[in-house]
Structures are given as structure tokens and as C-alpha cells.
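S.K.: The lines below spell out each chain.
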Amino acid sequence: GQGVEQPDNLMSVEGTFARVNCTYSTSGFNGLSWYQQREGHAPVFLSYVVLDGLKDSGHFSTFLSRSNGYSYLLLTELQIKDSASYLCAVREPNYNVLYFGSGTKLTVEP
Amino acid sequence: EAAVTQSPRNKVAVTGGKVTLSCNQTNNHNNMYWYRQDTGHGLRLIHYSYGAGSTEKGDIPDGYKASRPSQENFSLILELATPSQTSVYFCASGLRQPNSDYTFGSGTRLLVI
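Taken in sequence, the protein lines are chains A and B. When we follow the numbering used here, the leftmost residue of the first sequence carries the number 1, and every step to the right adds one. When we follow the numbering used here, the leftmost residue of the second sequence carries the number 1, and every step to the right adds one.
Keep in mind the hints are simulated off the structure, nothing from the lab. Take these hints with a grain of salt, some might be off.
To be verified - Here are the simulated DSSO-like cross-link-like pairs (lysine-lysine), alpha carbons at most 30 Å apart as the crow flies:
id : chain 1 : residue 1 : chain 2 : residue 2
1  : B       : K57       : B       : K18
2  : B       : K11       : A       : K105
3  : A       : K105      : A       : K81
4  : A       : K105      : A       : K55
5  : A       : K105      : B       : K18
6  : B       : K65       : B       : K18
Stated by the list, open to error - Anything over 12 Å on all C-beta distances counts as not near chain B; from chain A, calculated:
id : residue
7  : S12
8  : L74
9  : E92
10 : V108
All C-beta atoms, glycine included, are put in the ideal place defined by N, C-alpha and C.
Given only the sequences and the hints, what does the whole structure look like? Please build it.
M.R.: Structure representation (C-alpha cells):
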């Protein structure tokens with residue numbers, strides 16, 4: 001398997017930004033995915049990154065540093081509805097298996 | 001619309017009983033996966049399959065069996081359910097290509113008493 005670590009909780013303020021961190025140690029690496037999960041619902045795909053650097057997708061951006069085993073998800077212009085859990089998952093080279101971190105619960109306050 | 005459907009949505013089982021969780025996908029995806037999700041552990045991989053007739057062990061296979069009789073169907077079987085298997089179970093399907101998204105089912109909430 002893979003070791004994927006995320007902080008449990010993160011709080012931020014509406015209209016500002018939040019950075020969700022993820023570190024990983026892997027025996028194989030074929031990219032990293034981010035998912036959003038609301039309470040009682042299935043995870044929803046946000047982004048996939050495999051090359052180093054910042055990938056800007058508007059409201060969500062993702063950064064990857066393979067040499068450091070580090071990624072983050074950046075949410076800008078936060079809204080209350082962005083409150084959710086954000087899951088980081090490393091893709092293993094064979095069969096596209098995803099290994100998930102425990103998720104970071106983001107709370108956006110007014 | 002392509003989808004992943006899990007049944008049942010909720011299940012109460014007795015310790016020692018047999019439980020079968022079903023998953024059906026209409027995405028024509030090769031790969032299918034079973035995860036369980038518990039507070040503090042995130043999604044943990046139980047079993048996966050890369051095609052009809054194949055099953056592979058994930059990180060936590062003990063106490064679970066899997067069956068993939070067809071491209072569309074992937075079942076998770078608990079032969080002798082225990083209270084420690086109380087959890088939310090998610091099925092997902094995906095392609096072999098690494099940049100393809102998983103499609104998740106809505107989950108099955110299992111309580112073993």
C-alpha cells in the first residue's frame with residue numbers, strides 16, 4: 001500500500017482561501033487525485049495531478065512536488081458551501097488503485 | 001446515465017451471519033473496487049478487480065471475500081460478520097488509465113450487532 005497523510009481539520013473564513021496539505025510515501029506513484037466528500041455522501045472527483053507544479057482549475061488549484069512527496073489543494077474565494085471533507089489519494093501504477101488519506105474536514109466560517 | 005449502484009443502502013446484520021453487499025456499474029469500466037470508511041481512517045481498500053472473473057486483495061482483506069461474475073457486478077461477502085465490520089462501504093468503478101476518475105456508488109451503511 002501507500003502512506004498518505006492529511007491533517008484532520010482546517011478552518012478558514014468566507015471570502016479568503018484554504019490550503020489542504022497532503023504528504024505521501026509510496027512504493028509506486030502514478031499521480032495523485034483530490035476528492036470532495038460531503039457528510040453522508042460519496043466522494044466526488046476534483047483534480048488529478050502527475051507532473052510537478054501548480055495546476056490552476058479556477059476555484060480549485062492543486063500543487064505537486066514528487067521529490068518531496070507533497071501536494072496541496074488550494075481553494076480560493078471560499079464560500080460556506082465549500083465546507084466538506086477533502087480527500088487526497090495516491091494512484092498506484094498497476095490497475096489504477098487509489099490509496100486514500102484520512103481526509104481533512106474544512107470548515108468555512110462567515 | 002452511467003452510474004454505480006449499491007444495494008442495500010442500509011443493512012443490520014447479526015454477529016456470525018452472512019452478509020452480501022452488491023454493486024452494479026453501467027460505465028463499462030474494467031476495474032472495480034470495494035472500500036470501507038471509518039472515522040479517523042478514511043477510505044481503506046478491501047478488494048478490487050480488473051475484470052470479470054478476477055479479484056485481488058487490497059490493504060484490509062481479512063474477513064471479506066469478493067466476487068466479480070461479470071463486467072457489471074462486483075460483490076463483497078462477509079461470511080461471518082463481526083461488530084468490527086460495522087462501517088460504511090463504498091464501491092467504485094474506473095478505467096485502467098491513470099488520469100481517469102473513479103465513479104463511486106452512494107455507499108452501504110452496515111451495522112453488525
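S.K.: Would the least Cβ to Cβ distance between A/V108 and chain B come out above 12 Å?
M.R.: Answer for A/V108: holds, closest chain B Cβ roughly 21 Å.
S.K.: What's the verdict on B/K57 and B/K18, does the C-alpha distance respect the 30 Å limit or exceed it?
M.R.: holds, 20 Å
S.K.: Taking 12 Å as the cut and beta carbons as the points, is A/L74 off the interface with chain B?
M.R.: Its Cβ never comes within 12 Å of chain B, the nearest being 20 Å, so this holds.
S.K.: So if I understand the rule, the pair passes when the alpha-carbon distance is 30 Å or less; does A/K105 with A/K55 pass?
M.R.: Distance of about 22 Å is within 30 Å: holds.
S.K.: Evaluate the condition: distance from the CB of A/S12 to the nearest CB of chain B exceeds 12 Å.
M.R.: Non-interface label on A/S12 holds, nearest chain B Cβ at 21 Å vs cutoff 12 Å.
S.K.: B/K65 and B/K18: Cα distance at most 30 Å?
M.R.: holds, 11 Å
S.K.: Check whether the Cα positions of A/K105 and B/K18 lie no farther apart than 30 Å.
M.R.: violated, 34 Å
S.K.: Sort out whether A/K81 lies within 30 Å of A/K105, counting only the CA atoms.
M.R.: Holds, because 13 Å separates the two Cα atoms, which is no more than 30 Å.
S.K.: Going straight from one Cα to the other, do B/K11 and A/K105 come out at no more than 30 Å?
M.R.: Roughly 27 Å separates the two Cα atoms, so the pair holds.
S.K.: Say whether it holds or is violated: A/E92 keeps its Cβ farther than 12 Å from all Cβ of chain B.
M.R.: It is violated; A/E92 is separated from chain B by about 9 Å at its closest Cβ, not greater than 12 Å.
Of the numbered hints stated above, those contradicted by the structure are hints 5, 9, listed in ascending order.
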